[in-house]
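Enquirer: Generate the whole structure from the sequences, applying the supplied hints.
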Amino acid sequence: MNILIIGGGISGISAAKVVLKEGNTVIIIESASEPGGLMARIANCRIGFKTFFDEIRDNPLLQVIKDSTISAVTRKENYFTVTLNNRKTLKADRVVIATGLIPYDPAEYRGRRLLASLDYDAIIDQRNEEMPADFNKIAFVLCVGSRSKEYPLCSSVCCSYTLREIKWTLQRAKPDISVFYNDFRLFGQEFFLEDMYRNAGVHFIRTNSRYFEEDDTGVTMRYFTDGKLKQERFNYVVLATALRPNPGLAELSRLFGFTLNKYGFVNENEPLTTDAEGVYVSGGALEPMNIKDSILTGFGAGMLALKGTEFPAEAVSNHDLFYKEQETEIVIPVGNFASCLFYLGTENIMNRMFYEYISSKFIDTARNMKKSGKTVYFLTKNLITPSYEELIYEKARQEGIIFIHLEEGESIECDGTSVKIMGGVKLKLALNAEKIIRFDDYIALIKDKEFLSVYRSEPQLRWAPTKWGRKRYHVGFIRHPRAGRWEPREILGALGEMMLDKEEERVLPHVNEERCSGCGSCQSSCPHGAIELANQERQIAVFGPNLSTEIRIAHIKEDICVGCGLCASTCPSDVISFNSN
Amino acid sequence: MQQTDYIIELAGHKKEDLSVCLGCRICASVCTVNDLEINANPQELLMNLFLGLNVDKDDPLVRFCTNCYRCTSACPWQIRIPDIVRGLRENLSTGSVFEHAIIESINIWGRMYEPYVFLRASLFVLKDGWARHMFRMMEYVINIVRSIHVPHKVKRI
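Top to bottom, those sequences are chains A and B. According to this note's numbering, the first sequence is numbered sequentially starting from 2. According to this note's numbering, the second sequence is numbered sequentially starting from 324.
There could be a bad hint or two in this list.
Stated by the list, open to error - Distance windows between CB atoms, simulated:
(1) H336/B to F338/A: 26 to 32 Å
(2) F338/A to L374/B: 14 to 20 Å
(3) L374/B to A201/A: 54 to 60 Å
(4) H336/B to M197/A: 55 to 61 Å
Claimed, not checked - No more than 27 Å apart at the CA atoms, straight line, and that leaves these computed lysine-lysine pairs for DSSO-like:
(5) K92/A to K150/A
(6) K308/A to K468/A
(7) K308/A to K92/A
(8) K150/A to K380/B
(9) K22/A to K472/A
(10) K337/B to K396/A
(11) K421/A to K263/A
(12) K150/A to K175/A
(13) K371/A to K380/B
(14) K372/A to K421/A
(15) K150/A to K338/B
(16) K338/B to K436/A
(17) K263/A to K338/B
(18) K362/A to K338/B
(19) K396/A to K263/A
(20) K421/A to K380/B
(21) K380/B to K396/A
(22) K421/A to K503/A
(23) K468/A to K325/A
(24) K436/A to K421/A
(25) K325/A to K371/A
(26) K150/A to K263/A
(27) K450/B to K372/A
(28) K375/A to K338/B
(29) K229/A to K380/B
(30) K338/B to K371/A
(31) K380/B to K375/A
(32) K231/A to K380/B
(33) K380/B to K372/A
(34) K450/B to K263/A
What the hints assert, rightly or not - Which stretches of chain B does chain A cover? Using the computed rule of at least three CB atoms under 8 Å from a CB of chain A, they are:
(35) 338-350
(36) 361-369
In short, the hints are calculated from the structure, not lab data. Even for Gly, the Cβ is constructed at its ideal location relative to N, Cα and C.
Expert: In structure tokens, the structure reads:
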């Protein structure tokens, strides 16, 4: 089978990897002179992309056509004939659209010291030997070009990317950094990173600004916080620009016959499938998403292009390799009260990764309450509604739910039915609500779930997004507490990942069963749950009749064990060991 | 709350056009009123309206807003805050006697009819305006008298 992939970014390359695994031919059409897309423009991700691409670069079945775009498509019974702009024609059985995202150009603000985030990235690039001479005060301004009337979606990666830029900046210099944000939309472990930088002296200010006056030595910026206007000078101001759909998608949709939604992204009726038959879609053509999700959807779309849409259903029913945590039903009481107050904020860092999940649940409940005619207040410390969820938040605002955004340092104090906002000077506000619903009350419901350990131990960038441990793929709610549309995508991605899997050599630990006391310390130390304490019958009588009893002994499940050696190092009596031969 | 609805209706907008506010305070960062008093925050004014709180005459935005629409052009949701400020001014009747007289004369004749305006305003001046505003008015009159100049003589050839 011959598969055509449009776009040579990270998502297109991931799709190509899956397809090449089964010995099919792949053609990648890239409009730039070198594959890489948006990911390769980030200085610190360039090497990552290169190593990822190098694995298939020399494959004879792969053909990368650079500097070309598609000018015409004709469709016969079961294959596409594609004409490029240099009049070359190609034949392909299936097509994967992986056109990716385009950063918004803030032309009205941009200057020599007022930079878009990717331009700033070029300054802190490790390949530049010296940093600029005046690099003492840097400001990051978020949400430029997104969450607006013109483009109401949230780009969902700018906050995380800004956090990485802070990290890369601090690796090279010690400037004074201020971050101006509306909501700081981080995921999983990134909240720990944020807390680390907060303690290290990075200022996070919950306000935004569009007042910049640029001159030769810096930028004067005005912002409104703590109830008054402040004016500050920065050497550089970095605008975290929105990611918007590729404008070339409109032309492609006309040629291939699939439809786009009003924001310019591909309509996805079935997961990772367009309206047109035989045309699949992955990565940034779907919605704004991060690198990890681009890889995931790339794997999924590649798998679909190979096997067709009928395959996944039967594959999923046969597999017992998926691990899926049951979603906890969060029931928020809808009682007989006239006013209600939601408080979305927590002091506990461990709980912050649930901001996204609890935000969407709270907004849904708040909208239902508003529809039944109640007064609803919504106090937020941080509200996480990435990409399409932002539209639901917009509807909630339009329906008349009153959102009050607390600044840094402000907190609430409840006294019966009245709520006061403490700590700030801005609000001299006291609200009255008969029912108060807090973030922390609902955390207890998801506290002891197993996925927490996975979500916390998640590394920063995963080349295998769903794989966790040997023969164990986490899909659905467990990988990310996020919107429902992600679950089928994750299943497809996991199926693609299974095709890429190769058996790795590993050394298995050995349990000396004579000496094992069954204390269970190895079981609790194993991160993959590969040790079980099995009962074994043992003869105990020395004289007289045969007497036996059951004792507990550590037993290693060889299927799941990855051979990390944690059990051997925790065992108090050196019962578990690795044989050197 | 009734007052809020009235003001929003006066401003000629639907409620949902205004309640989309994100609370980002971009409007406050560009607002020119902040050059006079540094605590002018259009976003807070909007929020107070939706909470049903009263906005008083001393609010810096009500006093000094120049209807420049800088906030609207910077706002991600293009919320037209000066319209609301105008509605508030109408509601709090902050306009001067002259303003009211001018609006009335426009309502009657469709244009500004100066004799009517002066008649209406003179009542105010005689009743309670004169004693309070005498010094300011005198100053104003003197300035006008000083600045009066006779046009240059045109030389005819």
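Enquirer: Which of the listed hints are broken here?
Expert: 3, 4, 5, 8, 11, 12, 13, 21, 22, 25, 27, 31, 33 and 34
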